[in-house]
Amino acid sequence: MTETTRTTDPANKGRVEPPVANGGPKTTKERLARMLPALGSLQGYIGLVLVVLIGIITKGQIFWNQTNLTNAITAFASRGILAVGVTLVILTGGIDLSVGSVLGIGSMTAAMLLTHLNLTPWLIVPLCALVGAFFGLCNGIGTTWLRIQSFVMTLAMLSVVRGIDRQVSDNVAVGTQLTDAQGHLTGQAAAFAKLGTPGHNLLRGNWLPLFGQVGIGYPVIALVVVCVVFQLVLSKTRFGRHVYAVGGNPTAAKLSGVNVTAVTIAVFALSGLLAGFAGPIDAAYSASADPLAGTSYELDAIAAAVIGGTSLAGGKGTVTGTFVGALILTLLDNVLGLNQISDNLQLITKGLIVVLAVVIQRPDFFRSLVSGARRLRRGRNLKSTVDKQKAEGAPQ
Amino acid sequence: MRSVSKSFPGVRALRDVGLTVHVGEVVALLGENGAGKSTLMNILAGVHADYEGGIEIDGQPVFIHSPKDAARHGIAMIHQELNLVPELSIADNVFLGREPRTPRGTIDRGVMRARTAELLGQLGLRVPPRTLVRDCGIAERQLVEVAKALNLNLRLLVMDEPTSALADSEVHRLFAVIRELTARGVGVIYISHRLAELAEIADSVTVLRDGGYVGERAMAETTAAELVAMMVGRPLGELFPRAPEQRSTGPVWLAVRGLATTPKPGSGVRALRGLDFQVRSGEIVGLAGLMGAGRTEVLEAIYGACGAVDGELTLGGRHYRPSRPRRAIRRGVALVAEDRKAKSLVLDNTVRFNTTLVALDRYVRPWRTVDRRAERLAVAAKIGELRVKTPSQTALVRNLSGGNQQKVVLAKCLLAGPSLLLLDEPTRGIDVGAKAEIHALMNSLAEQGTAIVVVSSELPELIGMCDRILVLCEGRLTGEFHRDTGNGSAFDQEGILTAAMAREAA
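First to last, the sequence lines map onto chains Y and X. In this note's numbering, each residue's number is its place in the first sequence (first place is 1) plus 1399. In this note's numbering, each residue's number is its place in the second sequence (first place is 1) plus 39.
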């Protein structure tokens, strides 16, 4: 995506590059050929625009109104937050499959802290994040000191954490809508519920187009803040540089003085932290902590990262891209749902979108389309020449 | 090939290059790194599909758009980094992608082994076809590549730097194989930076420069000097510019006593056994030795790249204990690693990203955010100083030529301002022009008081550049040679080679 260059180089954007030694593009065709990779990198936005257009064309106002969009994005916010953490891990060349389970245990922790200890959300959220960070730390230590491949380590963690979650909850969902004798929500429960309300009146006002009328809820704000913070961390800090270096070439990173172990542990811990943080949001949104909450969320998170242009090989990708990827997935879900397409078909569509996104995202996609067409044409010419030669009795 | 052009996003282009190979002829392709040799050969091998211009075989125009097309026309290419699957046997590799089938549809290993044994026999390689490629030496692997090529009705063989990793005797065997091939009417395109070899094996030479065609000469009618001038575009002065009177007088900067390592068994890393040596600031010390003698290991041990080591080291007069690269960098040590792609560069990131990777701390403000203005200026200054040819600081390192990639690695190390510079094969696979620039850079660094330790497989380079040469064999020092005869035994190639092959006494 464009962000890849932007990450390493935002200051340079408006600057005119020094002329290339061999001279710049001369003809319109050459100029166009140069622009093509840039077009390809905009693909994420193209996909987003496409999904929105399909939504507007098929459902019009039912799709493009504040309530629907806010609800759709709120429902996906917790998965979006997971996707940011997963993006960090993938950038270092690893993978984190345990985030769904960690979200689950985060939501269970939140519900239990609320029901048993009646804590305020201001305490619950950081505590859940810490719980998540602990499991993330374990992942990091396993992949570095014990040299277990991250796929295996986090797959094991997925299972372990889910087991703990089900054990402590005794396989029973814990509701967060605590009421007093009169049937009203208790103070802390009401505060907690706000964490997940889609139409909460925060950030209301006409200055915010479309959404301002209804207001934006905490889940969306949390997602946006997380995205902004981590995009800045990746693009502006030393740690961000080191993340890209470790993912791009671990040996070179090590020999350049990057503490590869620390960076790896840190990204896993951050991924766990974000998953734990997303737990209370998910619990508040669904008004209960289900022992199965977050099951297979890791796949949505990875899909969002991949659609957003993150390479599983590491070293390539941005949080901005992941955000766009998450938006595409969300709105796609929403559009398909509004059109009453069955869950099964939705799954199929989602899968196809991931494949399509990866193919189109190649920087040379448009270029190879052009050259592929040219090759096809040439191949046909060649064939006709050869045929002619054969007809003339002069085979090669 | 006629008038072939090719462009890469923003970096280099091939402009109207032509090349003719006659039946049974060895054509050498010469040019600096980035001149377009590899690009041209990759077009021929079908790696790059979108080029302009035409290719003719036997006067017939052919279109090569995939490696498969190339194979159909009997064109095979042996890359510098060999393309073999190490975990498969020789026979499996020779037949990779063209496995013969039995009537039942399974692979016919009997046929494969018999045919492979026959091919290996033709090449004078007496290794059973079942041997895993993993267990073959580099020279053997190269011959396996040749066998693979022979297996497909070979008409034109492209060899990219085939001798860069071979010992002398192995080179002679390879040349014998090449002569055998040409006698059978196979055309050979031979890419090498070693001019002396070309005189021995090539019939004619084609020179490229900056993606353009410079000229063609019959090998018998040209001289090395003329070829170098053609490649560089200007007559080159002395190849190794360090003058003997620029003797270093600095204090001892690095002192090593009893340096020893115990690598994990089976890791292929040579254990170092009690090395003693000193390097003065402003001195260039060469490390000579055969492959696997432990030269790289010495540099990496000092750099802390292989963990803790035994022995007493002092650096700049203070005690120094190598443990990890970060600490070495903080003490002013920099390493230019042997394999720039594997060990030094993040290929898919930008020139700027790579250049400041080591010294990033210098451009960090509070909260560890990067001061990008300062960073950009520093990178601009460094790549200007080293004359790195890149369209911009944001170009991907992957798209640069080998010589320019190496300069990026040097820029990265020098940006940290090292007082001890460890260079591991700094000029391998680099053209004459870039080589001379790197030599000049080493000289000026030494004059500024940097202590330099350099490993090279090219003995003339060490003899031309160094004040002292230490010779390693099987992880221990077996010789020390001085430029100045007053201090001990003087440089002599024969003595150094003898020391490099000195077996353990006991």
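Keep in mind the hints are simulated off the structure, nothing from the lab. For glycine and all other residues, C-beta sits at the position ideal for the given N, C-alpha and C. Treat the hints with caution; some may be incorrect.
Restraint-style ranges between C-beta atoms, simulated for each label pair [to be verified]:
no., chain 1, residue 1, chain 2, residue 2, range
1, X, Thr-145, Y, Gln-1548, 49 to 57 Å
2, Y, Gly-1562, X, Ile-177, 46 to 54 Å
3, X, Arg-233, Y, Leu-1449, 54 to 62 Å
4, X, His-61, Y, Ile-1747, 26 to 34 Å
5, Y, Gly-1562, X, Glu-120, 26 to 34 Å
6, Y, Leu-1755, X, Arg-111, 27 to 35 Å
7, X, Asp-410, Y, Trp-1463, 53 to 61 Å
8, Y, Gln-1745, X, Asp-410, 27 to 35 Å
Below are the DSS-like pairs computed for lysine-lysine, each with C-alpha atoms no more than 27 Å apart in a straight line [unchecked claim]:
no., chain 1, residue 1, chain 2, residue 2
9, X, Lys-303, X, Lys-428
10, X, Lys-428, X, Lys-380
11, X, Lys-421, Y, Lys-1593
12, X, Lys-421, X, Lys-380
13, Y, Lys-1635, Y, Lys-1653
14, Y, Lys-1458, Y, Lys-1749
15, X, Lys-380, Y, Lys-1653
16, Y, Lys-1653, X, Lys-303
17, Y, Lys-1653, X, Lys-107
18, X, Lys-303, Y, Lys-1635
Consistency of the hints with the structure:
no.: 1; hint: X/Thr-145 - Y/Gln-1548: 49 to 57 Å; result: 33 Å, violated
no.: 2; hint: Y/Gly-1562 - X/Ile-177: 46 to 54 Å; result: 51 Å, holds
no.: 3; hint: X/Arg-233 - Y/Leu-1449: 54 to 62 Å; result: 56 Å, holds
no.: 4; hint: X/His-61 - Y/Ile-1747: 26 to 34 Å; result: 59 Å, violated
no.: 5; hint: Y/Gly-1562 - X/Glu-120: 26 to 34 Å; result: 46 Å, violated
no.: 6; hint: Y/Leu-1755 - X/Arg-111: 27 to 35 Å; result: 33 Å, holds
no.: 7; hint: X/Asp-410 - Y/Trp-1463: 53 to 61 Å; result: 43 Å, violated
no.: 8; hint: Y/Gln-1745 - X/Asp-410: 27 to 35 Å; result: 47 Å, violated
no.: 9; hint: X/Lys-303 - X/Lys-428; result: 41 Å, violated
no.: 10; hint: X/Lys-428 - X/Lys-380; result: 18 Å, holds
no.: 11; hint: X/Lys-421 - Y/Lys-1593; result: 55 Å, violated
no.: 12; hint: X/Lys-421 - X/Lys-380; result: 20 Å, holds
no.: 13; hint: Y/Lys-1635 - Y/Lys-1653; result: 21 Å, holds
no.: 14; hint: Y/Lys-1458 - Y/Lys-1749; result: 19 Å, holds
no.: 15; hint: X/Lys-380 - Y/Lys-1653; result: 14 Å, holds
no.: 16; hint: Y/Lys-1653 - X/Lys-303; result: 19 Å, holds
no.: 17; hint: Y/Lys-1653 - X/Lys-107; result: 39 Å, violated
no.: 18; hint: X/Lys-303 - Y/Lys-1635; result: 39 Å, violated
Hints 1, 4, 5, 7, 8, 9, 11, 17, 18, counting from the list given before, are not met by this structure.
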